[in-house]
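Asks: Just so you know, the sequences run in chain order A and B. Take 1 as the starting number for the first sequence in our numbering and just add one per residue. Take 1 as the starting number for the second sequence in our numbering and just add one per residue.
Please note that the accuracy of each hint is not assured.
To be verified - Covered by chain B, per the in silico footprint, the following chain A stretches (three or more residues, Cβ under 8 angstroms):
#1 5 to 15
#2 85 to 96
#3 129 to 140
#4 163 to 170
Said to hold, decoys possible - Simulated pairs of lysine-lysine, DSS-like, Cα-Cα distance not exceeding 30 angstroms:
#5 A:LYS120 <-> B:LYS66
#6 A:LYS134 <-> B:LYS111
#7 B:LYS82 <-> A:LYS120
#8 B:LYS111 <-> B:LYS83
#9 B:LYS83 <-> A:LYS134
Unchecked claim - Here's a subset of chain B near chain A, in silico, CB distances under 7 angstroms, partners left out:
#10 SER38
#11 SER40
#12 THR41
#13 ASP51
#14 ASP56
#15 ARG76
#16 LEU78
#17 LYS83
#18 LYS111
#19 ASN112
#20 PRO114
#21 ARG115
To be clear, the hints were calculated from the coordinates, so they are not data collected in a lab. In this text, a Cβ means the ideal position worked out from N, Cα and C, and glycines have one as well.
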Amino acid sequence: MLSLDRPPADVTDGDLWREGQPGDLAVGDLWLLSWDGRALALALASGVASDYALVWPVTLPSEIAFQPAIEVPTSPLDTRVLVWPSRETGVGLHLFHRRFGTLLRERTMALMIKAGEAGKEPPYPYAPPRSDDKQTESWDEAMVDAWEDICLNVWPKPLPGETPLNRAVLRAIGVRPSNLAALLGVATSDAAGLFLGETNPTHEQVEALADHFEIGPEELLRTYTDEAVAELIRPAWKDHIVAISQRYSEGEEAARTRLRTEFALAARATGTTRDRMRAALGRLLERDRR
Amino acid sequence: MPDAAAQRGDIYNVHRDATMDQDSKPLRRMVCVAEWPSESTWRAMPRITTDGRADDLFSPRNEELKLTQDGWWTWRFLRSVKKRWTGHASLCAYLSSLTEPLRTEVLDHYKNRPRPRA
Numbered sequence: 001m002l003s004l005d006r007p008p009a010d011v012t013d014g015d016l017w018r019e020g021q022p023g024d025l026a027v028g029d030l031w032l033l034s035w036d037g038r039a040l041a042l043a044l045a046s047g048v049a050s051d052y053a054l055v056w057p058v059t060l061p062s063e064i065a066f067q068p069a070i071e072v073p074t075s076p077l078d079t080r081v082l083v084w085p086s087r088e089t090g091v092g093l094h095l096f097h098r099r100f101g102t103l104l105r106e107r108t109m110a111l112m113i114k115a116g117e118a119g120k121e122p123p124y125p126y127a128p129p130r131s132d133d134k135q136t137e138s139w140d141e142a143m144v145d146a147w148e149d150i151c152l153n154v155w156p157k158p159l160p161g162e163t164p165l166n167r168a169v170l171r172a173i174g175v176r177p178s179n180l181a182a183l184l185g186v187a188t189s190d191a192a193g194l195f196l197g198e199t200n201p202t203h204e205q206v207e208a209l210a211d212h213f214e215i216g217p218e219e220l221l222r223t224y225t226d227e228a229v230a231e232l233i234r235p236a237w238k239d240h241i242v243a244i245s246q247r248y249s250e251g252e253e254a255a256r257t258r259l260r261t262e263f264a265l266a267a268r269a270t271g272t273t274r275d276r277m278r279a280a281l282g283r284l285l286e287r288d289r290r
Numbered sequence: 001m002p003d004a005a006a007q008r009g010d011i012y013n014v015h016r017d018a019t020m021d022q023d024s025k026p027l028r029r030m031v032c033v034a035e036w037p038s039e040s041t042w043r044a045m046p047r048i049t050t051d052g053r054a055d056d057l058f059s060p061r062n063e064e065l066k067l068t069q070d071g072w073w074t075w076r077f078l079r080s081v082k083k084r085w086t087g088h089a090s091l092c093a094y095l096s097s098l099t100e101p102l103r104t105e106v107l108d109h110y111k112n113r114p115r116p117r118a
């Protein structure tokens, strides 16, 4: 299991492991993903979008690996690593914590993809063929499960009480203000407010609709993105959010919410979003210290 | 047999393995976009039915393909599905196979994902 503070046995440069190298997220870079103060996995960026990236899982020599994983002889961690292009996964930017440097050039990665698609040899050798034993099977299952969890870790999560109903979804399942009023036992005017997104539903109201229409509760809520989310999703904020998390003894989701709330409280402040977010961070870290 | 071994263009109703918090939508339509004989997984591109974005591929409702609502094929939640689940009635039920020209359109959308340039 990886740790944010202790380098794995394969890695001798403890300072690099704990501090990383500065730089923006770019294709070919090796990163450590984390959530809630826990290291999740190593990842090689293969494509970068506005709020997520596509990555190839990366494992260390001490871990089980098999074809079609590819052995890369050198890395910024000063050890060979295994990259898994066949397990490319979409990952939210909020999980990117620590950059270690460039692992592969884009052209090399493009050749690896081409080799996989054409059934040819990649630029570096494949790992040995998979062993047919229980330990390998168990490790493989755990890796696939872990990367599914990483993929499905989204931020921010739509929360009842803080997020309006998604009108498009309501329409698609046949909800109108009139039957919404009947379903929830509220006045028509209140139902209209909920339907139009002017008021947020309570947890109980979301559960009632979810049960009635047999749809997931989060499906009913609108995905909420504002300037604060667009800023905080950037990996550059991760260490600061961890600092808030430790300062207030809370999880990462709560720390992110705390910083968003502090940012919103100073809505009339001037400056760029980044400047205002830095100011909000400063206030939170200084609070109660004086 | 399309249900036991996923081929590119096959659509499955995939259950999220309940290892942690329950996914809000445990079953999702996903299309096989890549598979390798030596791998224990195949790559799946999911179909979402809410909050589609400009870089997603719109997918209209299609009863023949068992796509019961309008949606979008999206790169955001690209991930691996275990081959040993493929065809399992509750974990990874086979739904349908894309036919041309839709098959090419969907697989081309996958190929055009953000990726390393040669």
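Asks: Now tell me, hint by hint, if it's right for this structure.
Replies: Quick rundown of the hints versus the structure:
no.	hint	verdict
1	5 to 15	violated (count 0)
2	85 to 96	holds (count 5)
3	129 to 140	holds (count 3)
4	163 to 170	holds (count 3)
5	A:LYS120 <-> B:LYS66	36 angstroms, violated
6	A:LYS134 <-> B:LYS111	35 angstroms, violated
7	B:LYS82 <-> A:LYS120	23 angstroms, holds
8	B:LYS111 <-> B:LYS83	22 angstroms, holds
9	B:LYS83 <-> A:LYS134	17 angstroms, holds
10	SER38	5 angstroms, holds
11	SER40	6 angstroms, holds
12	THR41	6 angstroms, holds
13	ASP51	5 angstroms, holds
14	ASP56	11 angstroms, violated
15	ARG76	5 angstroms, holds
16	LEU78	5 angstroms, holds
17	LYS83	10 angstroms, violated
18	LYS111	9 angstroms, violated
19	ASN112	10 angstroms, violated
20	PRO114	3 angstroms, holds
21	ARG115	5 angstroms, holds
The structure shown violates the earlier hints numbered 1, 5, 6, 14, 17, 18, 19.
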